[in-house]
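Engineer: So the protein sequences, as listed, match chains A and B. Just so you know, we're using this note's numbering here: the first sequence kicks off at 1 and counts up by one. Just so you know, we're using this note's numbering here: the second sequence kicks off at 1 and counts up by one.
Some hints here could point you the wrong way.
Once the Cα atoms are required to be at most 20 Å apart in a straight line, the calculated SDA-like pairs of lysine to any residue come out as [what the hints assert, rightly or not]:
#1 A/Lys109 <-> B/Arg103
#2 B/Lys107 <-> A/Lys260
#3 B/Lys59 <-> B/Thr23
#4 B/Lys107 <-> A/Gly21
#5 A/Lys109 <-> B/Ser260
#6 A/Lys109 <-> B/His282
#7 B/Lys107 <-> A/Ala17
#8 A/Lys181 <-> B/Arg103
#9 B/Lys245 <-> B/Gly305
#10 B/Lys107 <-> A/Leu25
#11 B/Lys107 <-> A/Pro117
#12 B/Lys59 <-> A/Arg118
#13 B/Lys107 <-> A/Pro24
#14 A/Lys260 <-> B/Tyr57
#15 B/Lys107 <-> A/Leu135
#16 B/Lys107 <-> A/Ala30
#17 A/Lys109 <-> B/Glu100
#18 B/Lys107 <-> A/Gly120
#19 B/Lys59 <-> A/Gly106
#20 B/Lys59 <-> B/Tyr19
#21 A/Lys109 <-> B/Ser76
#22 B/Lys107 <-> A/Ala31
#23 A/Lys109 <-> B/Gly95
#24 A/Lys181 <-> A/Ala258
#25 B/Lys22 <-> B/His11
#26 B/Lys59 <-> A/Pro24
#27 A/Lys260 <-> B/Lys59
#28 B/Lys59 <-> A/Glu265
#29 B/Lys107 <-> A/Arg118
#30 A/Lys260 <-> B/Arg170
#31 A/Lys260 <-> A/Trp119
#32 B/Lys107 <-> A/Trp119
#33 B/Lys59 <-> A/Ala31
#34 A/Lys181 <-> B/Gly90
#35 B/Lys245 <-> B/Ala273
The following label-pair restraints were derived from C-beta to C-beta distances [said to hold, decoys possible]:
#36 B/Gly126 <-> A/Gly21: 23 to 33 Å
#37 A/Phe261 <-> B/Gly27: 26 to 36 Å
#38 A/Phe145 <-> B/Arg134: 33 to 43 Å
#39 A/Ala187 <-> B/Leu256: 33 to 43 Å
#40 B/Arg18 <-> A/Val137: 21 to 31 Å
These aren't lab readings, by the way, just hints derived from the structure by calculation. We treat Cβ as the ideally placed atom computed from N, Cα and C, and that holds for glycine.
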Amino acid sequence: MTLTTGTGTGAATGAYAPRPGAAPLPRMIAAQAALETRMLLRNGEQLLLTVVIPTLLLVLFSSVDIVDTGAGEAVDFLTPGVLALAVMSTAFTGQAIATGFERRYGVLKRLASSPLPRWGLMAAKTASVLVTEVLQVVLLTAIAFALGWSPHGDPVTVLALLVLGTAAFSGLGLLMAGTLKAEATLAAANLVFLLLLVGGGVIVPLDKFPPGTQDVLGLLPVSALSDGLRDVLQHGAGVPWGDLGILAGWAVVALAAAGKFFRWE
Amino acid sequence: MRSEPVVPVVHVQALVKRYGAKTAVDGLDLVARAGVTAVLGPNGAGKTTTVETCEGYRKPDAGTVRVLGLDPVRQSAELRPRIGVMLQSGGVYSGARADEMLRHVAKLHAHPLDVDALIERLGLGGCGRTSYRRLSGGQQQRLALAMAVVGRPELVFLDEPTAGLDPQARRATWDLVRDLRADGVSVILTTHYMEEAEQLADDVAILDAGRVVVQGTPEELCRGGAENTLRFTGRPGLDVASLLKALPADSSAAELTPGSYRVVGEIDPQLLATVTSWCAQHGVMPDRISVERHTLEDVFLELTGKELRS
Chain A
1 MTLTTGTGTG
11 AATGAYAPRP
21 GAAPLPRMIA
31 AQAALETRML
41 LRNGEQLLLT
51 VVIPTLLLVL
61 FSSVDIVDTG
71 AGEAVDFLTP
81 GVLALAVMST
91 AFTGQAIATG
101 FERRYGVLKR
111 LASSPLPRWG
121 LMAAKTASVL
131 VTEVLQVVLL
141 TAIAFALGWS
151 PHGDPVTVLA
161 LLVLGTAAFS
171 GLGLLMAGTL
181 KAEATLAAAN
191 LVFLLLLVGG
201 GVIVPLDKFP
211 PGTQDVLGLL
221 PVSALSDGLR
231 DVLQHGAGVP
241 WGDLGILAGW
251 AVVALAAAGK
261 FFRWE
Chain B
1 MRSEPVVPVV
11 HVQALVKRYG
21 AKTAVDGLDL
31 VARAGVTAVL
41 GPNGAGKTTT
51 VETCEGYRKP
61 DAGTVRVLGL
71 DPVRQSAELR
81 PRIGVMLQSG
91 GVYSGARADE
101 MLRHVAKLHA
111 HPLDVDALIE
121 RLGLGGCGRT
131 SYRRLSGGQQ
141 QRLALAMAVV
151 GRPELVFLDE
161 PTAGLDPQAR
171 RATWDLVRDL
181 RADGVSVILT
191 THYMEEAEQL
201 ADDVAILDAG
211 RVVVQGTPEE
221 LCRGGAENTL
231 RFTGRPGLDV
241 ASLLKALPAD
251 SSAAELTPGS
261 YRVVGEIDPQ
271 LLATVTSWCA
281 QHGVMPDRIS
291 VERHTLEDVF
301 LELTGKELRS
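Just chain A, same shape as in the assembly (with noise of 0.2 Å):
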């Protein structure tokens, strides 16, 4: 307990006396982005979808023969689409239903009207989603190795495919999660992860689909980022720019359209 004596007026010294100021602005971003890691990880939900599925994918795949997965190991043609999978979980499911309920219970709010400025907070969930895709790639590629896995292509270009892919599913998540309700994100973007894992070309090769629907899909941006990943680790292509232009028009729209439709509360 506190005592104290006085009348408001007079020298401030208890200690509850004003004495406010920001936190340097490093802190306070390093600060939310380890706070927002922390809930994800935190979150069984959010592990089945950005760890347990990938994995289970990448698994249960490689060692059965239930896709025709073309030429070659089924491990090299699912470890790429595995990856992307896991991009498009954390970036854009995990981001907008986490950011929806956020949303929806009052957190953006509330942060808003604190020293963090709501820039800092975006980098923040940035940072934060940044990390868990580095620990989802550790996991995935040690398991796939494990499974036998040969990747050719340069790192440079994979890891341009994953940033990019990265800015175009969180555009696409915050634009869900700032403009729909926090149950409709929740169902709309968990419907989405399923299409896309069924119809982007994550375990299923697109040109099992038909022609006609093949160049729509190939349009996706999971389709563009597994693909481009997948030209590269398994066939080791070069620069993949048709990819990397489609995952570029996805980031550029789909950020845009968060940054103006986003509503805070």
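Assemble chain B onto chain A, guided by the hints.
Structural biologist: Quick look at chain B alone, frame taken from chain A:
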């Protein structure tokens, strides 16, 4: 005596805020000085809209708002570190623990309070590893209060800080508000508890239909506190004018609701005797006679014609 700073902590002039066709705040003027200011009013009076405009959440449709001399929207970056905000509900990650969230908010500030001491002070130590969504309503509210003060702000906004709290938790909140005031922190609180305003506030602003209907110290609003109220019930429709003639000149008498009468004035044994003998002369059995101080509740009822807790 209270110090009167040149710049009021909150200065609202002719504020208008509409949501679609509905006008929530309709030309509101409010000046809050250092100390505790209570914003009192029934649901829908515009309390939360006014406070949230001061916090920078809403942009005025008309009028000006200055908080600590700053524009809450355009100078938000400057203002935010200096204020503490307690929302009416929510504001915490559903999976976060109480101490975790409080420590986080502390980290956003340069010179935060000692988090452990604050946790103990507000009785949040028992929350342990429980996540926010599983805390009781009272615990959630105390956490929101702690989050508002942990950054050592100059000015704290509390939106219905004790709504739904049990008496013990309410008293703990009141004690903290008194300590904040004693240490030089200004507080703007919205409430629809009269007692809260009477207990805590240096200044009370009563809102109704988006305007401040009256503002002053609780004593001023209750006319200095020297005047008292005598209430009694009897049969409806008594001749109040006749009763008034029997009373001293500076008194007033009224039938508030059928059969419920109120006399306002300097209530002394002589006046009580006057009332009872008037009743005797008119064959009235005055029931439930009570003598009480004129309360903010009465002021409110007179000004707005509404019960506070609607």
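Engineer: Are the Cα positions of A/Lys109 and B/Arg103 separated by 20 Å at most?
Structural biologist: Given pair A/Lys109, B/Arg103 holds - Cα atoms ~18 Å apart, limit 20 Å.
Engineer: Between A/Lys109 and B/Ser76, does the CA-CA distance stay at or below 20 Å?
Structural biologist: holds, 14 Å
Engineer: Holds or violated: are the alpha carbons of B/Lys107 and A/Ala17 at most 20 Å from each other?
Structural biologist: holds, 18 Å
Engineer: Within a Cα-Cα threshold of 20 Å, do B/Lys107 and A/Gly120 meet the stated pairing?
Structural biologist: holds, 14 Å
Engineer: Given the hinted pair B/Lys107 and A/Leu135, is their alpha-carbon gap at most 20 Å?
Structural biologist: violated, 25 Å
Engineer: Holds or violated: are the alpha carbons of B/Lys107 and A/Lys260 at most 20 Å from each other?
Structural biologist: violated, 30 Å
Engineer: Does A/Arg118 lie within 20 Å of B/Lys107 when you go C-alpha to C-alpha?
Structural biologist: This hinted pair holds, its Cα atoms lying about 16 Å apart.
Engineer: Is B/Lys59 close enough to B/Tyr19, meaning Cα to Cα at most 20 Å?
Structural biologist: holds, 11 Å
Engineer: Given the hint that B/Lys107 pairs with A/Pro24, test it: the Cα-Cα distance must not exceed 20 Å.
Structural biologist: holds, 10 Å
Engineer: Would the hint linking A/Lys109 and B/Ser260 be met if the CA-CA limit is 20 Å?
Structural biologist: Violated, because 47 Å separates the two Cα atoms, which is more than 20 Å.
Engineer: Check the hint pairing A/Lys260 with B/Tyr57 against an upper bound of 20 Å on the C-alpha distance.
Structural biologist: Within the cut-off at roughly 17 Å; holds.
Engineer: Take a quick look at whether A/Lys109 and B/Gly95 sit within 20 Å of each other, Cα to Cα.
Structural biologist: holds, 17 Å
In this structure, the earlier hints numbered 2, 5, 6, 8, 9, 15, 25, 26, 30, 33, 39 and 40 are contradicted, and the remaining ones agree with it.
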